[in-house]
Amino acid sequence: MAVSQLIGARVQRREDPRLITGHGRFIEDRLPVGLLHMAVVRSPHPHARILRIDKGAAAAAPGVLAVLTAEDFHKQLQGVMPVTPSFVPEKKFVPDRFPIAGDESCFQGEPVAVVVATDRYLAADAAELVRVEYEPLPAVVDPEEALREGTHLAHVDGPDNIGWDMTFEGGDIEAAFARAEVRVTERILQQRLAPTPMEPRGVLADYSPYDDRLTIWLSSQNPHFIRLFISGAMGLPESRVRVVSEDVGGGFGSKISPYPEDYLVPAASRILGRPVRWIETRTESVLTTYHGRGQVFTAEAAAMRDGTLLGLRLTQVLDLGAYHGTFGAFQACACLMAGGVYRWQAIQARTIGVLTNKVPTDPYRGAGRPEGTHLCERMVDRVAQEIGMDPADLRRKNFAREFPFVNNFGLTYDSGNYDGSLDRALELVEYSSWRRRQEEARKQGRLIGIGLSTWVEICGFGPSQPTAAATGGISLVEAAQIRFLPSGSVAAYVGTHAQGQGHDTTFSQIVADTLGMPLEMVELRHGDTAEGPSFGYGTYGSRSLAVGGMALHKAAVVVRDKARNLAAHLLEASPDDLVFEQGTFAVKGDPTAHKTIQEVALAAYGPNLPTGMEHGLEAVSYFDPPNFVWPFGAHICVVEVDRDTGAVALQRYVAVDDCGNVINPMIVEGQLHGGIAQGIAQALFEEIAYDQESGLMQTGTLLDYLVPTINEIPDLTLDRTVTPSPTNELGVKGIGEAGTIASSAAVINAICDALSPLGIHHVDMPASPGRIWKLIQEAQS
Amino acid sequence: MAQTVRLAVNGVARVEEVEPRLLLVHFLRERCGLTGTHVGCDTSQCGACTVLCDGAPVKSCTMLTVQAEGMAITTIEGLAPPGEMHPLQTAFWESHGLQCGFCTPGFIMAASALLAENPDPTDEELGRGLEGNLCRCTGYVNIRRAVHAAAKAIREGSAAPTAVGG
Amino acid sequence: MIPAAFGYSRATSVADAVAQLGSAGPDSKLIAGGQSLLPMMRLRLAQPEHLIDVNGLRELDYITPKDGRLLVGAMTRHATLVRSEVVRRHLPLLSEIASEVGDPQVRSRGTIGGVMAHADAAGDYPTLALMMDATIVTDRRRIPARDFFQHLFTTSLAPDELVCEVDFPVATGAHRYLKFRRRLFDWAIVGVGVQMSDDGWRVGITHAGPTAVRAHAVESALRSGANPKEAAEHATDGLHPTSDVHASSEYRLHLAEVLTRRALEQAA
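So the protein sequences, as listed, match chains S, V and F. Its first residue numbered 1, the first sequence is counted upward by one per residue in the working numbering. Its first residue numbered 782, the second sequence is counted upward by one per residue in the working numbering. Its first residue numbered 948, the third sequence is counted upward by one per residue in the working numbering.
What the hints contain is simulated information worked out from the structure, not anything from laboratory work. Only a predicted model underlies this, so the values are computations on that prediction, with no experimental measurement involved. Be aware that one or more of the hints could be misleading.
[As the list claims (entries may be wrong)] Computed Cβ-Cβ distance ranges for the label pairs, DEER-style:
no.	chain 1	residue 1	chain 2	residue 2	range
1	S	Gly473	V	Arg795	35 to 41 Å
2	F	Ser1103	S	Ala57	36 to 42 Å
3	V	Arg936	S	Thr298	53 to 59 Å
4	S	Gln777	F	Arg1087	32 to 38 Å
5	F	Arg1030	V	Lys933	23 to 29 Å
6	F	Tyr1009	V	Thr903	28 to 34 Å
7	V	Pro863	S	Ala57	43 to 49 Å
8	S	Ile387	F	His1098	53 to 59 Å
9	V	Thr903	S	Asp691	39 to 45 Å
Note that beta-carbon positions come from the ideal geometry of N, C-alpha and C, so glycine has one too.
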């Protein structure tokens, strides 16, 4: 393989040999000498006053070094946990959150005490012995109920339960509705989901009192931000805190924000002067790892009888849980993206963030964009159904076609070819043939449905201006460093951090190509704040390639340019007279005069440098993208619904996606497979349920929280179109969340299509057999 | 009260004193240093802890170490000789059958038990053989492909172990 | 999660197991495959003080056809039942049901005796035992299945009594077990087994109440010449399923009827 052709090649992952042989480096695999184990005592109540905590029995239990409560931690930790503006700059009620409850606990699972012991078994035993006296308080569970005046308060001292209430105006909505010949309304639920990375969370902290340094090993998507937050809370200079995240067993958004344990474990280590570790159990994960979704939409769409879309009016009621998630308001982007790939005269979107006595919600794969897409695609299908138009035709009639396209809220879609992906998907699925089969099946009373989802995604966060406002000061750019070592190998550092996306491989492909090096000579490093540039911005929002990959490319270009100047000096030629091919600088027209970039690297550490050139061959670059990137595509799902039981069988799933230029097609396909499966999981299986009376979670284990197995996910047929992004030099876009953003709508649209002969217009998620059976019963009675 | 347990782990005989409640998975990870076997749940759903006990696939989080008395345990680390790969490992690599890799050892062990019993599984049989393992990254598409590919390689005898690292 | 500490001993014989149970106190428990018990212990929903391990009792691991009966030792694991040619020949429905229990890893460890003694409402073997009039043989007596399962997680076993065998009648006629669940490895939301036997159809229903039930009304309708659809209308007679996060009571009743009809139609 020629080294200049790595970009776009199906390179096998360099991460895999360690992972498939059992030699991955996950958080629980690290067992330092002297390690102590922390167990967390959690409130069993959705809402309670904490009257008294008796540490006695636990403190006296075998192996126990400490039992710690809020009182102890207030001596270690200052301030409150961070809440960013994200898409909602003005919030109403933001309750302060300390990592451990003091007088009042506001959700089931909130930490109230911790036990630190010499052994994890003993820590678990002692946690059972901590006696906490609670006075249960009334809880508010349902977000719409929480909005009702005079209802229970999620926090006893709160003014009400309203975290925010903001309306985005995108054009003259009254004028758009005034023209309408057709109006459809719908109420659409987005159930709460547990992100469920297969590796639960975990924190190991080692504070050294002798040099006042803290090292934290964390299963994290976002080590640099965690360092920023924890060093601030601990009162340590950021430079004395090191956060290391090695192999991360999945994140899906749930390992972005800081969690209580991220503070409690380092604080416990500082109290005890020894390494302390906490590994989340799955039960804790389902109960306390920030949930995704948790929204109720009401929407109304206006259109003409010929299918022209006019206006969309919607309200998002977002169940914040007991506290604002650090990036919880990101999910309001469902409002900004509710128009999807279509031209609308006007959109008006109101978002209301509501506090309830449940675990906070925060970004989960897609974070607002699946919700926006689901809403838009459902409403477009409702319009199509209302006027009797084929949903593919209605989509085509309204697609944005001129790019850059500015949507109703001023966001600029950099590129697109929505007809291209839809046409290809229709062809692959054999759309007209399925429509015929559907017709025939209906005559026999069988319910076949075909669902479309034509999606677009805003991702690749930056740019610096809007994202600085969103984070409260730090611009989401990305930093990278390229270092040529004297003997000619390359160490590359980047501030993103993979959780299974294969960055070790794909980012090395970019660097190797840019420098004309063999892949084996490039070492990609990430996840350790002690290495590389001073800050990194993490992996989320499908930003790693479009921002981090670009930062690496940019740093590599700086290094290459310096190498060119040095090569010119060594070859006694002008830099402009050099050509760079296959890793070699050669003088034009003189086949004997050349230097490999590795020879140049060695020379960079030697005596013969041109006047004014510093030693070494390395560079740090920050990439600030000029815009977001805008992947898109078309997904089509075919289902058959069992009329007797309500069970849904997925017959076919086709996805044609466009993420611009592709670094490694194998990785892109894998991201789509997993993303689509998570959308199918939301559409058909998963739901975190709380008892409306008691406020207690009813789906606390993987017995009840239905993550699908291999038998529930069908084979997926994928294809791509390629519309390079004009936003970055590599022409790349994000693909990590795309599958999830697109797929729930395709599945639900298919189910609704199947049920339409019965007069059923909408099915909420998860479309469980019981729920569908009930709808069929109601429709028939 | 500690109990003595005698067993073999990846061919190494061990005699250990263990507390009766010590879960086999914690014994393997913390006593034997074999951290490739992972814990992903509390209720025996996820299968990340799958090992072979006398050749049978078992969730090592749902077995006491003392119950492994007299057994030969094989973990992911013992599936192929050091420095080499089992055809399933090669196939997972070549087919991109893993992303974060946390569930992968459990899948490979479950798949090895499946193929030992059924060298040429249909798609449905493959699904049933792996129904006790959860993956959150791959959507299972490439796991299917990997197991079919490994089955083929083993059947065709073209599956001489390959060296780790290529 | 970590189970609470407990004492542990191995039973060396049936008599030893019974003696140990008698002397170890009320909070002691037998552990067979442990596939239900250990998760409950890890969640600390069960905290026995002492476990008596019966996995060493290989004398209870057998499958023996005898005089028109199929005798299955309590320590026979699901995987053994799935693989057994003898079971396939003498009671193929048991084979089918065993292959639907849990997942391959659970089937490696779990035992038929353990499922019987645990008496989960969603257990699959109890349905077969009830509908086929099987007998649960203990260390001291023979208990007809209809007297054995008393309520959710409750059997007629004495505190120190050990299940040794399940004694099924041989049945090789048309049969089917339909297990409705969301994911393939889940417990049944509702399950229905049907078996053509010498005296006509036998029908049992899983998880439509605190214990499995034998659907006598369906059986007698079929004996009176009803077709599957007509007979299935009686499937819900006397059922009182609960509602939970997986299904409402009404839906369970409906499933019982649909699955009964389908099982009868599909039986082969």
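Task: Pairwise beta carbon distance, Tyr1009/F to Thr903/V, judged against the given window 28 to 34 Å - done: Given a distance of about 31 Å, which is inside 28 to 34 Å, the answer is holds.
Open item on the list: For the hint 32 to 38 Å, verify it against the beta carbon of Gln777/S and that of Arg1087/F.
Closed with: violated (50 Å)
TODO: With 53 to 59 Å as the target window, see if Arg936/V and Thr298/S comply at their CB atoms.
DONE: At roughly 57 Å between Cβ atoms, Thr298/S and Arg936/V fall inside 53 to 59 Å, so the hint holds.
Task: Satisfaction of the hinted span 39 to 45 Å by the C-beta atoms belonging to Thr903/V and Asp691/S - done: Given a distance of about 42 Å, which is inside 39 to 45 Å, the answer is holds.
Open item on the list: Can you tell me whether the CB distance of Gly473/S to Arg795/V sits inside 35 to 41 Å?
Closed with: violated (55 Å)
Task: Beta-carbon spacing of Ser1103/F to Ala57/S - inside the hinted bounds 36 to 42 Å or not - done: Roughly 39 Å apart at Cβ, these two residues keep to the hinted range, so it holds.
Open item on the list: Taking the Cβ atom of Ile387/S and the Cβ atom of His1098/F, is their distance within the range 53 to 59 Å?
Closed with: Hint holds: Cβ distance 57 Å, inside 53 to 59 Å.
Task: Arg1030/F versus Lys933/V beta-carbon gap, inside 23 to 29 Å or not - done: With a Cβ separation near 24 Å, Arg1030/F and Lys933/V satisfy 23 to 29 Å, so the hint holds.
Open item on the list: Quick check: does the Cβ-Cβ distance between Pro863/V and Ala57/S fall within 43 to 49 Å?
Closed with: holds (48 Å)
In this structure, the hints that do not hold are numbers 1, 4, in rising order.
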